[in-house]
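Asker: As a plain string of letters, each chain reads:
4 protein chains.
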Amino acid sequence: MAKLDESAKGVYIISVTPFTDSGVLDLDSTDRMVDFYVEKGVTGFTLLGMMGEAPKLTMAESRSFVQRVLKRLNGKAPVVVGASSPGFASMAELTKAVMDDGAAGVMIAPPGTLKTDDQIVTYYENAAEAIGTSVPFVLQDFPQSTNVHMTAGVIARIIKALPSCVMLKHEDWPGLAKLSALRAMTDLRRVSILVGNGGVFLPEEMERGADGAMTGFAYPEMMTEVVKAYQASKPDRARDIFDAYLPLARYEQQPGPGLAIRKYVLQKRGVIASAALRKPGPKLSALDIAETEKMIARQTRRLQEIG
Amino acid sequence: MAKLDESAKGVYIISVTPFTDSGVLDLDSTDRMVDFYVEKGVTGFTLLGMMGEAPKLTMAESRSFVQRVLKRLNGKAPVVVGASSPGFASMAELTKAVMDDGAAGVMIAPPGTLKTDDQIVTYYENAAEAIGTSVPFVLQDFPQSTNVHMTAGVIARIIKALPSCVMLKHEDWPGLAKLSALRAMTDLRRVSILVGNGGVFLPEEMERGADGAMTGFAYPEMMTEVVKAYQASKPDRARDIFDAYLPLARYEQQPGPGLAIRKYVLQKRGVIASAALRKPGPKLSALDIAETEKMIARQTRRLQEIG
Amino acid sequence: MAKLDESAKGVYIISVTPFTDSGVLDLDSTDRMVDFYVEKGVTGFTLLGMMGEAPKLTMAESRSFVQRVLKRLNGKAPVVVGASSPGFASMAELTKAVMDDGAAGVMIAPPGTLKTDDQIVTYYENAAEAIGTSVPFVLQDFPQSTNVHMTAGVIARIIKALPSCVMLKHEDWPGLAKLSALRAMTDLRRVSILVGNGGVFLPEEMERGADGAMTGFAYPEMMTEVVKAYQASKPDRARDIFDAYLPLARYEQQPGPGLAIRKYVLQKRGVIASAALRKPGPKLSALDIAETEKMIARQTRRLQEIG
Amino acid sequence: MAKLDESAKGVYIISVTPFTDSGVLDLDSTDRMVDFYVEKGVTGFTLLGMMGEAPKLTMAESRSFVQRVLKRLNGKAPVVVGASSPGFASMAELTKAVMDDGAAGVMIAPPGTLKTDDQIVTYYENAAEAIGTSVPFVLQDFPQSTNVHMTAGVIARIIKALPSCVMLKHEDWPGLAKLSALRAMTDLRRVSILVGNGGVFLPEEMERGADGAMTGFAYPEMMTEVVKAYQASKPDRARDIFDAYLPLARYEQQPGPGLAIRKYVLQKRGVIASAALRKPGPKLSALDIAETEKMIARQTRRLQEIG
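Chains as they are written, first to last, in the numbering used here: chain H, 1 to 307; chain Y, 1 to 307; chain E, 1 to 307; chain D, 1 to 307.
In case anyone wonders, no lab produced these hints; they're calculated from the structure.
Honestly, I wouldn't trust all of these hints.
Identical copies look the same in the list; a pair holds intra-copy or inter-copy alike.
[What the hints assert, rightly or not] Straight-line C-alpha distance at most 27 Å; calculated DSSO-like pairs for lysine-lysine:
1) K294 with K96
2) K71 with K115
3) K3 with K76
4) K96 with K3
5) K283 with K178
6) K178 with K76
7) K115 with K40
8) K115 with K178
9) K283 with K71
10) K268 with K115
11) K115 with K76
12) K76 with K294
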């Protein structure tokens, strides 16, 4: 499999981790999920992201899940694996394992202990050295979750210092000015920028120079179609699609029940067999489900109206 | 002026603080802004909220601003004043002053030093004692900003312990389950619940028992009309209106440039003379403005479509 | 090996993790370190604590280190293993492995995402279920590091709900009133309470009902002798010893260089072959070393004076 | 009164705020306290620091307290006033008032919203502009309380950019390497560095280039004598004094009851009439008081031994 590089674009889906109702890793649903995402037009996959349920897997389960996705894909799309870890030894170990399995690169989020610009840059220098400078990595800028705040200047320092940094996952809330500032730096190697946050700022991010999205809305077609519309220079079409999905995207993006809603929708769409989450995880109320259903119905109607 | 009580509903607008281009408090724009909000159907006002620019005012400016709004309103709508303070002596002093001026009640957010359930409850007991138990107050639950996390159980303890707590400002992100839990407590005095966060979860909150909104979107008519539609049992109509405004509401809700966008729109609508913010505050880029304009145009078109 | 129970007392040393100068896990030094700690009078060991360098080990290294300590001890002292983990599956897996190897129990610190009393209690209920209710565990209350704040009431709820909670690691900064409150609860099962923070509040904690310490000062004899003096009802003797060590204990307790200082002293004392830390970790400056040496000299002199 | 400048040294005492038992500002005790501190050898005063009870005062009480201290001192020692504020308008207003009253300068701590190096520098540029560049100010680096983390590099940027920054209050925990790094910068204007944290790292800080302390232990003679011993090149004498006071200094430094302990001791020493704290504030238990008394007795004995 080709390694990840700065030309990556489109939608790298952050996939859910399917479990059976009793909480066992569901590899059959994994296959179906892979097919579903490919069919909806994603250009890549991101597994074991720091959000979601990756931390609920044992190391053996994590390996098994990654291998199953890689096998099912069989080279049809690159796979990025989250390798964030409290220690460099574990990070290096997991990175080596998944790269040997055929991953295209890894993604690294900073630990919450980093407080200053210099600490952030040094951390990434150490991390790149630990995983090996031949392994391409994604720099994840996700302050709401990591509590680490990177300026455009700090991100630029990392990109300049580390050739193996080929992509930025732009996931500030929403950090639009930061994205514009990075794209305006004429002396900076152009890396791929994919955006997160469930895509709820996708139009603005595409207009400011993002290459696509790396996130996990239960309607990946929203993201693939918005990105395609921008690639075809049809911004109004992009916003028509986006606006139709926005009420549900916003709802699925809420902390707490968000992931349960995403799994509920994916189960409803026939992608995964069970919407079960491992503990700790919320259970949807009847009201949550009714609201979701109402928004799906409205969304369907609206999509028909815009054609 | 009547005091705030548990029957409050509708939209209590969180007003901006108008400045001239040179940063002087703009009392003429204040008058125009009061008229504008009344015309758009708000049922109350909230001044000196913890977000926005209230902390940028001196005490004398704060007093002057509150008095100007009260004078212009001349009893047409109740005014709640933010009285959150690091110390009870200042909180009591400000509360006495604004209640004497004619405010209907005060709003109190918890300081970020509160870490446990008991600390939160004790803090509100002390605060209620400090301001005087005859002064109605709004409990502000806004964890993203305060970093204080209240369960429904803690809120219920406060409501039970303190008869002068007549309203909850529900501003978790978005805390829908908490709202439902509070409304399901059959042994709890029913207080007014108004919601925040720029109204971006208003439909779900109304459907779960909120009485309206206390927040500050530059199109207050979105909120007043959505609330009215729910009061008239027209939930689909409410969502049609909401969805039309959602792209801009989401955009205005972003931390950082959000308040500058709100002021830009209010200036554009002729409400305030200048969009200036006092330092520290962001400046909008040409791109921010272009995006805002595009969304306003699309919003106008969509509102015409839904009639 | 007997399992940990509520009668545990004395000093459970938080051991360092010895590396060679090139960063390889040093199992020969591990043996020597085990002997040293036993000779200094510790009654138990705690491995893979959340601070220190445990997160810098791979899973295989962690297992190897635990097994080496268990083998060297050969039943001479109980071993508690830190099992805190972002997910219950990993926590259960590690717990099963180390209990099979002969550990006496595990220690669990709460994840920083817990914000309310109820969330904390629920987390421990789920954790105890995940590891199996026959496995004794230590509740670690260490808010400076976890950012989770537990009242005495919350700790009592956990102790009451979970019979397998047999020990509290009291490591608030310093939370003396909390310790007193717990010991004053007449309806609460008496669990063992061992204290942390490098022992810098050990006299006050012993006087308030602690059973000893679970922490890692490079002079473990300070802690074992202070505890013994209290057990022999000689509080003044205890404070004489404590005061003699306090300047260095305070210095070693500083965040940042603290662990490097501890390793420096242990190397100097002939316990470990190298003072090396794995990245990320501080390097001592010449000044750090000079200060350490000066305090050791003064400490030696003072210990001679008190006899 | 002369203005504060880079040559400041010795001990700037962070004074307590005396209240009567009923919580009224106690100006008679204020006079006695001023005399006491002067008699113990302090070279300056710092009022309305961000810790302690300054936020519990109304603006009028704050002004009255500052004026009383200034009047009593009558020019005998310079007074620095804490002017940290959520907004620049209030900061400027308070600064102007106290400088007109005769203060020597103000102290400014950063708000917790600052997350990046650039944000910190910009904040101080704006603050210095707001208060006027002729007003000398103290940069307070106190991350445990502010949650703002400054590198030596950031502090140097501020010192270079702002001539009115004449002093650093060094109050990291304990940030010894940062202090050394600043003193090693040969291209940096030498500002005064006074240290905080109750003086519990005072010897190491003096040896690394601090000019004294700005903090508030109830035995200010510990700090004035340690500083004098270093000025007289008697480091061993300095450590003898320091070590004698350390058990109590450590105890008084604990978060929570610390300030109540300090007031208890000051009352016991006849300095203030009442140890009362305004709410919210802890009450000492019988155990707290017994421990304090025991440590004072031991401290007295030890001081006699060292002569």
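Asker: Look at each hint and say if it fits the structure.
Answerer: Do the hints match the structure? See the list:
no.: 1; hint: K294 with K96; result: neither (45 Å within a copy, 45 Å between copies)
no.: 2; hint: K71 with K115; result: neither (40 Å within a copy, 40 Å between copies)
no.: 3; hint: K3 with K76; result: within (13 Å within a copy, 52 Å between copies)
no.: 4; hint: K96 with K3; result: within (14 Å within a copy, 38 Å between copies)
no.: 5; hint: K283 with K178; result: between (36 Å within a copy, 14 Å between copies)
no.: 6; hint: K178 with K76; result: neither (33 Å within a copy, 44 Å between copies)
no.: 7; hint: K115 with K40; result: neither (40 Å within a copy, 38 Å between copies)
no.: 8; hint: K115 with K178; result: both (19 Å within a copy, 14 Å between copies)
no.: 9; hint: K283 with K71; result: neither (32 Å within a copy, 45 Å between copies)
no.: 10; hint: K268 with K115; result: neither (43 Å within a copy, 32 Å between copies)
no.: 11; hint: K115 with K76; result: neither (40 Å within a copy, 41 Å between copies)
no.: 12; hint: K76 with K294; result: neither (35 Å within a copy, 38 Å between copies)
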